[in-house]
Each structure stands twice: as structure tokens, then as C-alpha cells.
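S.K.: As a plain string of letters, each chain reads:
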Amino acid sequence: MRFLRCGDVGVLVELAALEDVLSLHADLEARPVRGLVDLVPALETLLVKFDPGVTTPEQVCQDIKARSPERTQRRTGEVLTVPVRYDGEDLAAVSSLLGISVAETVRRHTSQVWTVAFAGFSPGFGYLVGDAGGLEVSRRASPRTRVPAGAVALAGEFTGVYPRESPGGWRIVGHTALKAWDLHRDPPALLTPGTRVCFASVDSVA
Amino acid sequence: MLHAGPMATIQDLGRPGLARIGVGASGAADRGSLKLANRLVGNPEDAAAVEITVGDFSASPTGDLLMAVTGAPVPIWVDDRPEGCNAVLRVRAGQTLRVGIASAGVRSYLAVRGGIAVPPVLGSRSTDTMAHLGPAVLEDGVRLPVGAPPTTYPTVDQAVTRGPTDARLRVIMGPRDDWFTAASRRALVTEPWTATAVGDRIGMRLAGPVLERVVSRELSSEGVVRGALQVPPGGHPTLMLADHPVTGGYPVIAVVVDADIDRAANIRPGDTLFFEETRKQVLT
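In order, the protein sequence lines correspond to chains A and B. The working numbering puts the first sequence at residues 1 to 206. The working numbering puts the second sequence at residues 1 to 284.
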């Protein structure tokens, strides 16, 4: 664990692995340190934002070092199933980039458990990491100006579901009817850090 | 509301604490001026007000209201009567409050007693221009609801504020200052910087020396804070403001201290600014 300063309102905690990030995130959510304002998990870091009027970076680091959250044991809890129609505009391109068939691409996407590592890009957009990998592709050279809500896409080592219509550079492999973002639901985001997901191929998402 | 000018939004103190669902804090770009405007009219400090960009705004209430304008100094009239900034203004039904062009700074705040009572979204009435959350950016002719007056009353008629903003911002180096050459780290806090026209509530691009990296690999996305100086491959830093994204993929060389961010939000395109290092420390 390494602590880096983020001005006088944050400490960036570098951790060894995503599992450690998710464990510390869960621990700090359950037992917040004094002055905590927000927690921003990422792949290898957890940004701890605090109120500089209440605490100091030194105090926050001490408080965090004083606890040793157990690594969340290989979660066995619920896995959210996301039904996907694999009809994405980039599915063929993804398959040829990976040098495998379309069927094998779909098999790799549906046969592993994905974990939401962090949120970003837009409200409700979760970055999911697979436990078996094998689907690493670059972003599109030119992003699309319009990607529909529900597009299931790949970029780098991540997969994600577009929560709302937006521009986007990820490669679209399919579509889901599941709403990743719904302001009338509590919580509005479905794919929050730590959530485990598996994708299931369906003929129709209507 | 009659005229929105170049850009006007509704802002309160934002929606902090929602990074887990990918939502940033947003809120007033100059929080101190929002709080002052609210205090002047007896509101709680976090009531929603109108954030006016470089002035040029007018509104006419349908009922008698107490108002106050703070932040970037602007000429003010109630009908044809000149009024002042940082003062309690009594505007009667049918009168028109006009805000002229700001003589310095960028953002002014118009608070009304009772607050702007548009429906909150995720606990805040702020417009997040990047996440597209909250009320729409204000347009000419839109009607704004005003909330019930608070039980507290204004205690002063006029507030004393600091004059023209000082363009010297204190920074704390890091978290990724070690990704940059020693010469670039030094240049950041010794050379003058110019605010470019590429700037909005999300961030402000700065022109100056090119900040060169010693670490060339890609940074995996990590959380960013308001005030972060993020450096994309071109080497020109962007200063993150109120509507900045929750995470960013470029290294942050330094972060402006919280107390100086209100001033940072009032730097105009073309203005020269300096960064001053306050404390060089990496906690281990």
C-alpha cells in the first residue's frame, strides 16, 4: 500500500490488485474514516476524498493503515445475469482482431464471471473485468458520435454496458434491454463497484 | 427570467459522495461566492442559486423578492436604479433586475431568498454539464420556481469581499509528479501560464511550457479531484473544475489547494497565472 497526495482534499491509495481495491473500498464504505467525502475506486488505486476542514491527509493515511481489511474472499454471492443479443456492429471486427470465430468470441464473453471494478465516463458506466480474460481489444480508431443505451461493448481488458445514449469509442458486440442507469430506481446504477455479472446470449432483447 | 446571457445554470453545493455510481460532485464553480450570496438573503449556504457566466443576465420576479449578486463584479440595475454587488437587493414584482458584463472574473451568483426550487436530482439542484444531470442549462424566458423563505433573516445589507482576483494559485505536487522530468516539475511552479479559450465548467486548458514525461507507459484510469492539473500526451495541462469526470486516464502532476479553487474558477481566457508550490511531500 502506497499513499500519494491529491492536493489537500484527497489521498490516492495504490494497491497491489483489484481485489485489494474492492476490499478497502467495501471496508471504508462500511466503516468510514472521519471526514470522508467520497471514494473513487479504480483498477489499482482508491482515491479517498475528505473534507480538509475536518481532517488532514496524514490523519486519513493513519486511519487507513490502522485497519487491515480482509480480502473479500472469492465472492460466492449473487451474480447478476445480463441478457445480451450478440448483434453488435463490431462483433466481426472484434473476432478478427482476436483471431477467433464469432461463436468463440461470444463463448468467451458469456463463459466467465465479470466484476465491476469502477465507475466512470458517464453516470452508471461500470468498467467490468473478467476472471478469465482473453478478450482484450483496442478502442475504435474513431469513436462513434452516437452509441445507444444498452450497447454491450469491449475496450482494453474491460467490458461495459452503455447506460445512456452517448458518444463512445468502445467496440460494440451486442445489446441488452437491461437498464444500467435509471434515475427512477434506487440506486440508479446497476453496475456498481464489486458487483459480479455474467452475460447470457439471447435471441431477442425485446 | 428574461435573458440568460452566454451561459447560466442553477447551482448549489453539488452531489458529493456518489463516485460509486459514476456521478461527480458538480456544484458551484466558485463555492465561496455561492455561500455568500445565500447568506446575504438569509438562506442556508447550500441553497440553489443562478450561476451567471461573464454577466449579461436579466430577470423579473412575479412576486416581491430579496436577491443578492456576488462573485465576478458586475454592474447591476433594478429597473433604472444602479445597485451594487454583495448587497441585499429588494426587487418588487414586475421590476427587472439587470446584470451587465463582468469587469473581472468569470462567474457571478444570483441568490433569491427561498432559493431556486427546481426539483433536486440525486440530492442536488446543480446542473452537471458533463454528466447531463440536473436542470437544463438556462434559456431565455424560462420560469424558475422560488422556494418558501427560510426562518432566518438577513443580518447585513452589504458584504466586504476581496478585490480583483490574484492569479497566483497554490499547488501541492502529485500524485503523479514523478512521471514528469525535473525540468517540467520546476517549470510548472516557476513559469507563467495562460488560460486558453478552451475552458468551461469541466476544466480549463492552459498554455505554457510543454510538460515532458519520464514515464511513457499509459496510466490506467484513476480518481481525480477538483483542482487537479491533468497532463495529456501533448504536455499542456488541464485544470479540472466543478464538472470534471470522476476518473481520468492522464497523470496529474499537481493539485490546486481547495482554498484557491474558487479563484481558479474566475480566471479568464488570456489571463496569466502562476502556480506556487506549498508543500512537497509524499506520504508513505
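Simulated from the structure, these hints should not be mistaken for laboratory data. Any given hint might turn out to be false.
Here are the in silico distance ranges between beta carbons for each label pair [said to hold, decoys possible]:
(1) A:A200 / B:P145: 44 to 52 Å
(2) A:L98 / B:E276: 48 to 56 Å
(3) B:R217 / A:T145: 23 to 31 Å
(4) A:H184 / B:T96: 32 to 40 Å
(5) A:V202 / B:V146: 45 to 53 Å
(6) B:P145 / A:A141: 41 to 49 Å
Example chain B residues on the side facing chain A (calculated, C-beta under 8 Å, incomplete) [claimed, not checked]:
(7) P16
(8) G17
(9) R20
(10) I21
(11) V23
(12) A117
(13) G123
(14) G174
(15) P175
(16) E212
(17) V214
(18) V215
(19) S220
(20) G227
(21) V246
(22) T247
So, partial list: chain B residues that the calculated Cβ filter (under 10 Å) puts toward chain A [to be verified]:
(23) L122
(24) L133
(25) V171
In this text, all values refer to a predicted model and were calculated from it rather than measured experimentally. The C-beta atom is built at its ideal place from N, Cα and C for all residues, glycine as well.
S.K.: If any of the earlier hints don't hold here, list their numbers in rising order.
M.R.: 12, 13, 16, 17, 18
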